[in-house]
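Novice: Assemble the whole structure, with the sequences as input and the hints as a guide.
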Amino acid sequence: MPTRLSAESSKPVQTSQLALVVEKPLPLHAFPDEFIECTLRLQHSEQVTLPISFHVALVHADTKLTTETTSHLALDPSTPLVFTTDVCTFRFQMRNVVNNMCLRCYLPDPHHMVSVMTSAFTIVQEKLVVTEQPPDVWFKDEGGRDKCMTIQVQVQAAPGRAVSPRIIPLELSLLYDSGEVVQASASATSPSSGILKLFPDLRPNITDGNVRISFRIEDVSKNHQNHSFMLKIAPESSNVYADIASVCTAPVAIRSKRNKRRLAGLKSPSNASTSSPSASARPRMLPTPVHATPTHEKATPGGARRTHPSSTPHNLPRARPSWLDTMEEWTIIGYEVHADGSMNKDAPIYRCMACMALNDSSHHRAHSPSCDYFRSRQQHYTPRPHRVQTPHMVYGYNHQAYTPSANTNQTPVGSAYTPTNHAAYTPTNQASHVFGKPEPNIFLTPAKPHTPSPAEATAAKPMMTMEMYLQVMNMANNNANAQIFTQESCVAYIWAQMQSDMRGDKMGLAAFDQYRQLIGFYKENQNVTQQEQQQQRPQMVFSPLSEFPFCDATAICSGLESAVQYGSPAVFALSKYMGNLVKLQEEALMHYWSQNLMQ
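Each residue of the sequence shown is one higher than the last, beginning at 1 in UniProt numbering.
None of these hints come from the bench; they were simulated from the model. Glycine residues also receive a C-beta, built at the ideal position from the N, C-alpha and C atoms. Be a bit skeptical, because a hint or two may be false.
To be verified - Restricting the straight-line Cα-Cα distance to at most 30 angstroms, the calculated cross-link-like pairs of lysine-lysine (DSSO-like) are:
{"hint": "1", "residue 1": "140", "residue 2": "345"}
{"hint": "2", "residue 1": "197", "residue 2": "257"}
{"hint": "3", "residue 1": "232", "residue 2": "576"}
What the hints assert, rightly or not - Using C-beta positions, here's what the derived DEER-type ranges look like:
{"hint": "4", "residue 1": "37", "residue 2": "166", "range": "29 to 39 angstroms"}
{"hint": "5", "residue 1": "16", "residue 2": "100", "range": "28 to 38 angstroms"}
{"hint": "6", "residue 1": "129", "residue 2": "23", "range": "23 to 33 angstroms"}
{"hint": "7", "residue 1": "53", "residue 2": "226", "range": "42 to 52 angstroms"}
{"hint": "8", "residue 1": "163", "residue 2": "355", "range": "44 to 54 angstroms"}
{"hint": "9", "residue 1": "506", "residue 2": "77", "range": "50 to 60 angstroms"}
{"hint": "10", "residue 1": "226", "residue 2": "39", "range": "27 to 37 angstroms"}
{"hint": "11", "residue 1": "65", "residue 2": "489", "range": "58 to 68 angstroms"}
{"hint": "12", "residue 1": "39", "residue 2": "339", "range": "41 to 51 angstroms"}
{"hint": "13", "residue 1": "135", "residue 2": "544", "range": "42 to 52 angstroms"}
{"hint": "14", "residue 1": "65", "residue 2": "506", "range": "43 to 53 angstroms"}
{"hint": "15", "residue 1": "129", "residue 2": "566", "range": "35 to 45 angstroms"}
{"hint": "16", "residue 1": "100", "residue 2": "544", "range": "49 to 59 angstroms"}
{"hint": "17", "residue 1": "53", "residue 2": "100", "range": "20 to 30 angstroms"}
Specialist: Structure, rendered in structure tokens:
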């Protein structure tokens with residue numbers, strides 16, 4: 001049998017010569033010991049005498065060389081390799097796992113040059129199957145930016161075999177319905193890239209045989225020559241997962257919005273010109289700002305009517321908005337995730353846009369001490385009143401409106417306005433009207449506050465001292481646990497590479513704060529309970545830097561800077577996981593495991 005073959009093709013030959021043609025392509029993936037059916041057609045069979053037999057050989061699809069593992073190929077005895085008519089169907093199976101193979105079918109001598117190559121196939125142990133497909137048409141601009149499509153993917157083993165319990169990291173690719181890769185989003189792991197966005201923005205993993213994947217596509221099919229999109233789900237490109245077959249979803253067409261039909265009862269142009277405009281079409285009367293309102297009597301039309309209390313609503317002083325009023329203290333940036341990786345809408349994650357501090361729904365964490373928003377709010381912010389306060393007492397006002405006895409029957413603001421006190425409503429005095437504290441009435445003598453005597457102060461000191469002593473003792477008991485918790489809560493980066501001290505002892509995976517300063521190490525928890533083993537989730541224990549006296553922190557920090565500079569995949573940042581420290585630990589530990597398996 002020759003080792004190198006001439007060029008063959010599975011397409012029909014447009015000549016009158018004798019030729020072999022494959023009727024339909026073979027399946028891309030199959031299980032071991034699973035029969036695969038192949039149908040051949042003999043063109044121009046009148047040139048040979050029927051029946052005629054043919055031969056089959058196992059060939060590499062990329063090199064077209066005959067493989068030495070032909071013994072793995074087993075033919076079904078019930079379907080012999082004989083052409084009794086123009087069409088012959090036979091079945092075969094593979095006993096072991098092979099990758100990217102095909103069959104070469106050829107006639108015996110003297111027609112051994114008449115041959116054909118089948119399509120490539122791969123024998124795998126497990127397959128990925130999409131049990132919940134996306135819709136045929138999806139409108140991306142309906143429902144907000146959080147709207148997404150959800151699919152369900154599970155692992156399917158060969159008949160009679162169980163699915164192996166292992167963690168399978170997945171790689172997602174966006175394809176056209178023709179099978180070509182979308183160049184705007186070649187691959188999406190974590191974070192999302194191109195027009196393919198994942199929810200949450202994390203790398204999906206199969207932990208218990210199935211996974212739910214939520215995603216959205218940020219572009220419409222019209223911008224891609226009206227092509228529909230398919231999502232390809234494949235295991236990580238590693239030899240560890242080479243025995244798992246990938247899968248593609250059904251094509252989905254992306255649209256912007258549904259076309260809204262015009263109402264049939266629209267008015268004609270003739271009726272529309274004569275009819276009065278609707279309430280929504282009429283211009284709204286906006287309130288006049290204080291700085292644009294004339295305060296002098298001569299400059300205002302109808303100044304004689306300003307003495308009426310109800311004719312001066314816009315002359316009242318208004319509070320100018322501050323940047324603290326327009327800024328939101330905590331902004332939602334994402335949501336926490338469940339154990340299966342799905343998004344938990346009941347647990348939002350907040351971030352302060354001034355100091356970039358993270359917070360959860362419990363609001364236990366506070367702003368950073370250097371937060372401009374928090375400091376400005378504490379120093380300059382005053383709660384804004386719901387109603388405009390009465391201006392300060394000036395000469396000519398009725399002082400009864402400011403006395404405590406007349407507080408329940410205050411005079412309306414509009415009636416207090418007279419031409420003699422119009423200077424109190426000018427923009428110059430506006431700031432003092434709104435935010436200043438009411439001055440005390442000089443005509444009333446308030447009672448002086450009670451000053452405790454030295455004897456009373458001395459009697460109160462022992463109780464205060466005892467309370468402070470109890471607080472100090474309570475803080476001293478919880479000092480160790482509080483220190484460890486505070487240091488672990490500052491973790492912002494994890495370098496998924498085992499670190500050793502100057503004596504060669506392993507310390508764990510290095511953990512850094514937001515300034516990339518070494519604060520401790522993570523180790524896998526060896527004392528795992530039976531309940532935690534059933535969950536099959538990695539448990540990591542944090543140890544502060546003070547427990548490693550022989551650690552070279554400077555060298556480790558320099559190594560992290562070099563890894564970040566060269567884009568090492570072993571550096572995991574908390575910002576990529578929306579502040580979820582548990583997910584950050586799991587991703588770093590799984591990366592460390594995968595690197596050990598490949599070595």
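Novice: Taking the CB of residue 135 and the CB of residue 544, does the distance hold inside 42 to 52 angstroms?
Specialist: 51 angstroms, holds
Novice: For the hint 43 to 53 angstroms, verify it against the beta carbon of residue 65 and that of residue 506.
Specialist: Since the Cβ atoms of residue 65 and residue 506 sit about 46 angstroms apart, the hinted range of 43 to 53 angstroms holds.
Novice: Given a hint of 49 to 59 angstroms, does the C-beta separation of residue 100 and residue 544 actually sit inside it?
Specialist: This hint holds: roughly 51 angstroms between Cβ atoms.
Novice: I want to verify a distance hint. Is the separation of the beta carbons of residue 37 and residue 166 within 29 to 39 angstroms?
Specialist: Holds, since residue 37 and residue 166 (Cβ atoms, about 32 angstroms apart) stay within the stated range.
Novice: What's the verdict on residue 197 and residue 257, does the C-alpha distance respect the 30 angstroms limit or exceed it?
Specialist: 19 angstroms, holds
Novice: For the range 50 to 60 angstroms, tell me whether the beta carbons of residue 506 and residue 77 fit it or not.
Specialist: With Cβ atoms ~59 angstroms apart, the hint holds.
Novice: Would you say the C-beta atoms of residue 129 and residue 23 sit inside 23 to 33 angstroms of each other?
Specialist: Once the Cβ atoms are compared, 26 angstroms apart, the range 23 to 33 angstroms for residue 23 and residue 129 holds.
Novice: Does the structure keep residue 140 and residue 345 at a Cα separation of 30 angstroms or less?
Specialist: Holds, at roughly 20 angstroms.
Novice: Are residue 232 and residue 576 close enough, with their CA atoms no more than 30 angstroms apart?
Specialist: Distance of about 23 angstroms is within 30 angstroms: holds.
Novice: Does 44 to 54 angstroms hold as the CB distance between residue 163 and residue 355, or does it fail?
Specialist: At roughly 47 angstroms between Cβ atoms, residue 355 and residue 163 fall inside 44 to 54 angstroms, so the hint holds.
Novice: Given the hint of 28 to 38 angstroms, check if residue 16 and residue 100 actually sit that far apart at their C-beta atoms.
Specialist: 34 angstroms, holds
Novice: A range of 35 to 45 angstroms was offered for this pair. Does it hold for the Cβ distance of residue 129 and residue 566?
Specialist: Between residue 129 and residue 566, where Cβ atoms are some 38 angstroms apart, the hint holds.
Going down the numbered hints, you'll see the structure goes against none, and every one checks out.
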